[in-house]
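Participant: So the chains spell out like this:
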Amino acid sequence: MSKRYNFAAVLSAVVLICCGALILNQNVNAAGEGKITGTVKLDGPAPHMKGIDMGKDPYCAKAHANDPAHLETYVVGADGGLANVVVYISEGLSGSAAAESSATEPVFDQKNCMYTPHVLGLTVEQKFKVTTSDQTTHNIHPLPNPMTGNIPWNQSQPPGAAPVEKSWKAPEMIPVQCNIHPWMHGWFAVVKGPHATSDTKGTYTISNVPAGNYTVTAWQEAAGTQTQKVTVAAGGAGSANFTFKPK
Amino acid sequence: MHDMSAPAAHHGAPTSFIRKHVFSLDHKVIGKQYYALALLAALIGMALSWIMRIHLGWGNFAIPGLHLLSSTGAPGNVLTPEYYLQLMTMHGTIMVFFVLTTAPFAAFGNFFLPIQTGAEDMPFPHFNMMSFWVTFVGFWVLIASFFVGDGPTLGGWTQYAPLSAIGSVGGPGQGLGVVLWATSIAIFCIGQLLGSLNFITTTLDMRCKGMSLMRLPLTAWAWFITSVMGLTAFAVLMPACILLILDHVAGTSFFVASNLVINDQVLPHSGGSTLLWQHLFWFFGHPEVYIAIVPGMGIVSHVLITNMRKPMLSHRVLIYSMAALAVLSYMVYGHHMFVSGMNPVSSLAFSFPTLVITIPSTIVVLMWLGSLYGSKLQINSASLFSLGFISMFISGGVSGFFLAQPSIDIMLHATYFVVGHFHLVMGVAAMFGIFAGTYFWFPKMTGRMMSEPLGKAHFWLSFVGAYCIFMPFHYLGIAGNVRRYQAFTDDYLIPLIPVHKFITIAALITGFAQLIFVYNLIYSRFKGPVETDNPWQGTSLEWSTATPPPHNNFGATMPVVYHDPYQYSVEGASSDFVMQTSPEKINNPNEEK
Amino acid sequence: MAKIFAVTIILIAIASAVPIVMHMWPMPQDISTHGALIDEQYADTMLEAGISFLASQFLLAFFIWKFSAPRPGERVKNFPGGATGLVAAAFLLVGTEVLALGVFGTKAWASVYLTPPAANAVPVQVQAGQFAFYFRYPGPDGTFGPIHPEQISEANANFFGLDTTHDQDSKDDIVAAEMAIPVNREIHLLMHSKDVGHSFFVPELRIQQDFVPGLDVSVHFTATKVGRYEIVCTQLCGLGHYNMKAYLEVKSQEDYDAWIKQQSALQ
Ligand code: HEM
Ligand SMILES: [Cu+2]
Ligand SMILES: [Cu+2]
Numbered sequence: 001m002s003k004r005y006n007f008a009a010v011l012s013a014v015v016l017i018c019c020g021a022l023i024l025n026q027n028v029n030a031a032g033e034g035k036i037t038g039t040v041k042l043d044g045p046a047p048h049m050k051g052i053d054m055g056k057d058p059y060c061a062k063a064h065a066n067d068p069a070h071l072e073t074y075v076v077g078a079d080g081g082l083a084n085v086v087v088y089i090s091e092g093l094s095g096s097a098a099a100e101s102s103a104t105e106p107v108f109d110q111k112n113c114m115y116t117p118h119v120l121g122l123t124v125e126q127k128f129k130v131t132t133s134d135q136t137t138h139n140i141h142p143l144p145n146p147m148t149g150n151i152p153w154n155q156s157q158p159p160g161a162a163p164v165e166k167s168w169k170a171p172e173m174i175p176v177q178c179n180i181h182p183w184m185h186g187w188f189a190v191v192k193g194p195h196a197t198s199d200t201k202g203t204y205t206i207s208n209v210p211a212g213n214y215t216v217t218a219w220q221e222a223a224g225t226q227t228q229k230v231t232v233a234a235g236g237a238g239s240a241n242f243t244f245k246p247k
Numbered sequence: 001m002h003d004m005s006a007p008a009a010h011h012g013a014p015t016s017f018i019r020k021h022v023f024s025l026d027h028k029v030i031g032k033q034y035y036a037l038a039l040l041a042a043l044i045g046m047a048l049s050w051i052m053r054i055h056l057g058w059g060n061f062a063i064p065g066l067h068l069l070s071s072t073g074a075p076g077n078v079l080t081p082e083y084y085l086q087l088m089t090m091h092g093t094i095m096v097f098f099v100l101t102t103a104p105f106a107a108f109g110n111f112f113l114p115i116q117t118g119a120e121d122m123p124f125p126h127f128n129m130m131s132f133w134v135t136f137v138g139f140w141v142l143i144a145s146f147f148v149g150d151g152p153t154l155g156g157w158t159q160y161a162p163l164s165a166i167g168s169v170g171g172p173g174q175g176l177g178v179v180l181w182a183t184s185i186a187i188f189c190i191g192q193l194l195g196s197l198n199f200i201t202t203t204l205d206m207r208c209k210g211m212s213l214m215r216l217p218l219t220a221w222a223w224f225i226t227s228v229m230g231l232t233a234f235a236v237l238m239p240a241c242i243l244l245i246l247d248h249v250a251g252t253s254f255f256v257a258s259n260l261v262i263n264d265q266v267l268p269h270s271g272g273s274t275l276l277w278q279h280l281f282w283f284f285g286h287p288e289v290y291i292a293i294v295p296g297m298g299i300v301s302h303v304l305i306t307n308m309r310k311p312m313l314s315h316r317v318l319i320y321s322m323a324a325l326a327v328l329s330y331m332v333y334g335h336h337m338f339v340s341g342m343n344p345v346s347s348l349a350f351s352f353p354t355l356v357i358t359i360p361s362t363i364v365v366l367m368w369l370g371s372l373y374g375s376k377l378q379i380n381s382a383s384l385f386s387l388g389f390i391s392m393f394i395s396g397g398v399s400g401f402f403l404a405q406p407s408i409d410i411m412l413h414a415t416y417f418v419v420g421h422f423h424l425v426m427g428v429a430a431m432f433g434i435f436a437g438t439y440f441w442f443p444k445m446t447g448r449m450m451s452e453p454l455g456k457a458h459f460w461l462s463f464v465g466a467y468c469i470f471m472p473f474h475y476l477g478i479a480g481n482v483r484r485y486q487a488f489t490d491d492y493l494i495p496l497i498p499v500h501k502f503i504t505i506a507a508l509i510t511g512f513a514q515l516i517f518v519y520n521l522i523y524s525r526f527k528g529p530v531e532t533d534n535p536w537q538g539t540s541l542e543w544s545t546a547t548p549p550p551h552n553n554f555g556a557t558m559p560v561v562y563h564d565p566y567q568y569s570v571e572g573a574s575s576d577f578v579m580q581t582s583p584e585k586i587n588n589p590n591e592e593k
Numbered sequence: 001m002a003k004i005f006a007v008t009i010i011l012i013a014i015a016s017a018v019p020i021v022m023h024m025w026p027m028p029q030d031i032s033t034h035g036a037l038i039d040e041q042y043a044d045t046m047l048e049a050g051i052s053f054l055a056s057q058f059l060l061a062f063f064i065w066k067f068s069a070p071r072p073g074e075r076v077k078n079f080p081g082g083a084t085g086l087v088a089a090a091f092l093l094v095g096t097e098v099l100a101l102g103v104f105g106t107k108a109w110a111s112v113y114l115t116p117p118a119a120n121a122v123p124v125q126v127q128a129g130q131f132a133f134y135f136r137y138p139g140p141d142g143t144f145g146p147i148h149p150e151q152i153s154e155a156n157a158n159f160f161g162l163d164t165t166h167d168q169d170s171k172d173d174i175v176a177a178e179m180a181i182p183v184n185r186e187i188h189l190l191m192h193s194k195d196v197g198h199s200f201f202v203p204e205l206r207i208q209q210d211f212v213p214g215l216d217v218s219v220h221f222t223a224t225k226v227g228r229y230e231i232v233c234t235q236l237c238g239l240g241h242y243n244m245k246a247y248l249e250v251k252s253q254e255d256y257d258a259w260i261k262q263q264s265a266l267q
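Just so you know, the protein sequences line up as chains V, C and W, in that order.
The opening residue of the first sequence carries number 1 in this note's numbering; numbering runs sequentially from there.
The opening residue of the second sequence carries number 1 in this note's numbering; numbering runs sequentially from there.
The opening residue of the third sequence carries number 1 in this note's numbering; numbering runs sequentially from there.
Simulated from the structure, these hints should not be mistaken for laboratory data.
Keep in mind the model is a prediction, meaning the values are calculated, not measured.
List of simulated lysine-lysine pairs, DSS-like, C-alpha gap at most 27 Å:
1) K129/V - K201/V
2) K77/W - K585/C
3) K209/C - K585/C
4) K192/V - K41/V
5) K261/W - K50/V
6) K62/V - K225/W
7) K247/V - K171/W
8) K3/W - K77/W
9) K171/W - K251/W
10) K201/V - K50/V
11) K171/W - K50/V
12) K251/W - K50/V
13) K247/V - K201/V
14) K229/V - K35/V
15) K66/W - K456/C
16) K251/W - K62/V
17) K261/W - K62/V
18) K245/V - K171/W
19) K3/W - K456/C
So here's chain V without its partners, still in its complex pose:
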């Protein structure tokens, strides 16, 4: 009998130590890495975003009966903060950091016949989920440039269907559309390495950035890209603010 207890005790000790080592290890890593923060603004007044006529599908029209939907090409916050801008490190990353991808699976949800988020930042080979919260069928039709190595797909998702799980092979800004609801339009922003997407205040934070000198690129679906040089000290924070002009 006692032999068995001994074994169990040793086993749990081993497991505990291993777990502890894992956690510590992570902390050590995180402590050594810095971040890049900043704000993205839009210069000038927010462009007029057309309203969306969802008359085709009564379900969608009803969901927006009291809250008319608008295009999301420019989503501008109260003090000019520009949302849905993907900021990523375009130069200066070592190979291993570039290949790193987060363990959580980002979710691209179809809700009230719109995409949430409108732009989903992803790293290469990172798995993500497409889900639906709607009681109407959507099809998810991303159309990457075939020359990049990304393979296009086109798949329906009826109400209540299981999430669609996918990943992308190469960095690319991939437009995604629902053909059943042609106004539904979004982006998969596939990049290498750490990245962040600005919120409605225009702020973003790229974490897990090792110390180094970088070029940071900010991409906006209509206004294009801008780059800046940023230096991050070990455990410190770099900063890069961007201002886009509407096209």
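Given the coordinates of chain V, assemble chains C and W with the ligands onto it according to the supplied hints.
Facilitator: Chains C and W with the ligands in isolation, oriented as in the chain V frame:
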């Protein structure tokens, strides 16, 4: 040793297993191979129709194991909209090409045409062997599309361009799936062209002594007429498929117009014609439905004559009617395109021959009915299915009156009315023709009898079941139920859903009845009672040879024909029937010379 | 067995006719000016086809019943008049029947397709694309601006690829996801497909017409009843085919004018 100088048809009996049963030159073996292929295809096609029907009746029903077929097409065992269409396309393609063309035409025709004409074999046995194996390859190319890329094409058996020609941007299966589809069909066409060539030559050149054209049985005539249609129709479809493949792989734009936009991207095609594909396809497609049904007409006439103990009212009128159907079938193809956007005057021009084609069809039906009058009808599985064929052909035929008129077609085009129409007149009728032929000729093909009780059970369930499935399709269509929909979400379609549920139940029951047939077929092949050479007391040449027929069909002496094929109940004759090979002198003023 | 079979055929024939005679699943009600001709043609055809159907099935059943149990020694008989009589009957009966249907049917067809639209017909353009319809009204200038395929951007709600900065005619064009039309006025519908084959079907309007990619076609019709109807696609166009629809709003002239004004403000 082979005598290399001998004409091809006089090949010796093979001795090795491979040459006897696999790469056989014997038309009888090839006929059976075609039959086996058709049976396999029919079972797959039917299973697909079950999945479709279940989905249409109960859209969220999880069919256990379905995700094994495609994890993206049936996540959680429930069909996605695209996979429904993909299965529907495969169902239609498999049924039309690999069942309805192979079984009544290639299978029975191969086995019996040379025997009925009194030939030793087909004139080009190597072509004949190729015909089957090419078709076989075509079938597996089609089936392969289930397992590659994003699955089979979803474009429907008609594969309308430009959806079929723009590649995978058009939807799942529209890239590799279409290429495999078109390759499969092009290969299939080659097989049927080779077959048709043999059929025509056999009929024209290989008849035995005394066998004039008019002394050929109606089945032989039906196969002959069908093969002439096949030669012209498949010769158009094959190049059309090749052009379609080129649009995919060679960057051509035969079927794609300029400036088409999908997902905000302009497609890299220009200058093609959308309607070109429809013209090419239907120039094949309409004769094709006659290719599917004319052999059935021949089989049903042949079976009924034997079971009525009385020839058709007029042998010649039936032949001329079938020939008229064949000729007219090329002039009516535009009735599939009334609202396609072609010139509305052509719609009227195509409408008249379509209405005219009802005349030979009516004559055929009246010949059957008129011949039934005053007959001594025997009821057995074969004659039941033949009579069932007539009933189905009538029911499917009358809906043709509607679809032949462009003005009414405005309401009925692309609705379930069309689906009901072609399933009855082409699908079910032709299947009944296949069943009639099977019950009738099984003893000649295998030497054993099929079980009559099982055959009758099969018939009753199929006859009543098919009506329960396909009659309601017409009502749905009249109410405006669009076809090729995987669910019915429009307000005006929702009241029709109970009808769909009824149809699904009927389809499942009818489908299971077909398993009785398969069981009967397999069981009787090995355990059925052994039969004599002429169990039905028939008169044509297949009944005067041994069972199963020897390698060269007739043994030591080739037959000599003295009579026309259907000398039943001849007054003054020594028995109820006089075989074609019987030298007995009879006094029949109507006899064909 | 033969007698049961005969009875079954008769029962099936009658049962098949019942839903038609009882109008259990009727054609949707007609709201067009030309529809009456189609409906009449349909009713005539139903009568003739129905009679042919019942008569032939009954005859088949009757002959099966009658001739399946011959007494021993009975001789076969020939149909009175033989083949010639039947062939003549087919030519006369069916021939005149189909000729009549064909000739009268031409009138209904011509009323839709072979007459030009009235000069004052309201022009509306419909564009079909995977898997939605969009509608365009020419605005006060009465002309549609040109379509620039490369400028089509569903992402920016430029469904027709209009260049409103450069093309004068496009500036006042009105684009909507629903089709509103005034009642009792002729509509000239111009049909354009953006990508693959589609079809425009409104059962109540008695109109069905395919879109031909690369070739613009048109139809014209007049709706006679105010209401909301469904426009569905009947040409297999891809995975969302069953979901491709739009609504047709037939409005009184005032409501229509108000709608146009309201839409124009939204552009
Ligand atoms: C077991 C009996 C069968 C059932 C329950 C069945 C059911 C169906 C259904 C539900 C469809 C889809 C209709 C649509 O939405 O357009 C269909 C299509 C079709 N079926 Fe069948 N079917 C059966 C047998 C057959 C047979 C024997 C044939 C042989 C001709 C056939 C040929 C076709 C064709 C050509 C299509 C059209 C496919 C397309 O639209 O591309 N079916 N069938
Ligand atoms: Cu959608
Ligand atoms: Cu469609």
